[in-house]
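S.K.: Sequence:
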Amino acid sequence: MIEASYTLDIDVGVDEVWSFVEVIPNWAHFLVGFQKLDLVDDRRSIWTLRGDVGVLAREVDLQADITVWEPGRRAEFTITGLTERITGQGSFDIEPIDAPSGPGDATAAGPADGSPASGQQRRPEPGDEQTRPGLLRRIRFAVAGRLLRWLNRRRATHPSAGSAANPPAAANPPEASDHVSGRPTSAGPPRTGRSRLRFHLQLTPGGPMAPMVELLMGPMVEPTAEDFLRNIRQALEARRASA
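Note that the working numbering has the sequence shown beginning at 4, numbered continuously upward.
Label pairs and their computed distance ranges (CB to CB):
#: 1; residue 1: M212; residue 2: A244; range: 39 to 47 Å
#: 2; residue 1: E217; residue 2: D101; range: 37 to 45 Å
#: 3; residue 1: P99; residue 2: R61; range: 35 to 43 Å
#: 4; residue 1: E62; residue 2: D101; range: 39 to 47 Å
#: 5; residue 1: A246; residue 2: R88; range: 39 to 47 Å
#: 6; residue 1: M215; residue 2: A244; range: 40 to 48 Å
#: 7; residue 1: D41; residue 2: P214; range: 26 to 34 Å
#: 8; residue 1: A244; residue 2: P214; range: 40 to 48 Å
#: 9; residue 1: R243; residue 2: R47; range: 27 to 35 Å
#: 10; residue 1: R242; residue 2: G209; range: 33 to 41 Å
#: 11; residue 1: D41; residue 2: A246; range: 26 to 34 Å
#: 12; residue 1: A213; residue 2: A238; range: 29 to 37 Å
Hints listed in this document are in silico derivations from the structure and should not be mistaken for laboratory results.
The beta-carbon is built from N, C-alpha and C at its ideal position, and this holds for glycine as well.
My request is simple: use the sequences and hints to build the entire structure.
M.R.: This is the structure:
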């Protein structure tokens, strides 16, 4: 199993963050390897992603199904591989921040460093002897982080069809269902303020190649989650600045 969580503070209110996140084409192209998005209905979408590393250097189709939809607070989804044996789940969580925390608070460094929330997964610091991984693991994380950032820069310079330069048409946000909070799906007019956005992803490869896939993907998932949220923050703060 491969798992990663990342938390980032954003200088934008909860309502503005949710109105952006609830429209999938707003941020789909921020995922590394994004090729295409097909919105089946308000709960299901088909994603085509392409890897550039080893056995992952091919396109894969994944089905994402929204399972929990709490407007302005939380969304959960499951992942099912259509062309690869892989399953998973993930979530977005949003909460308001009344004021920036002090420099010693690792959860609310905000735009300065985007550190993960307290108690959440984070990269060990060089002096943290309790959680410091082995040399090989740290090298893999460093290489994976550099690779993902290079891929993001390359995609920004040479966007593919359906990417940032040509995002798919926006879809109507899912309607709240019986098991959700019952609040209206519209988050209402934007408010000023700050927000904390958390993204969690868990993947379980299957089949005889599962150990190799986990070995290759493991170091890449955390940097992917970090870059993903940073891109969302940049888009939201740019939108706020131009408003």
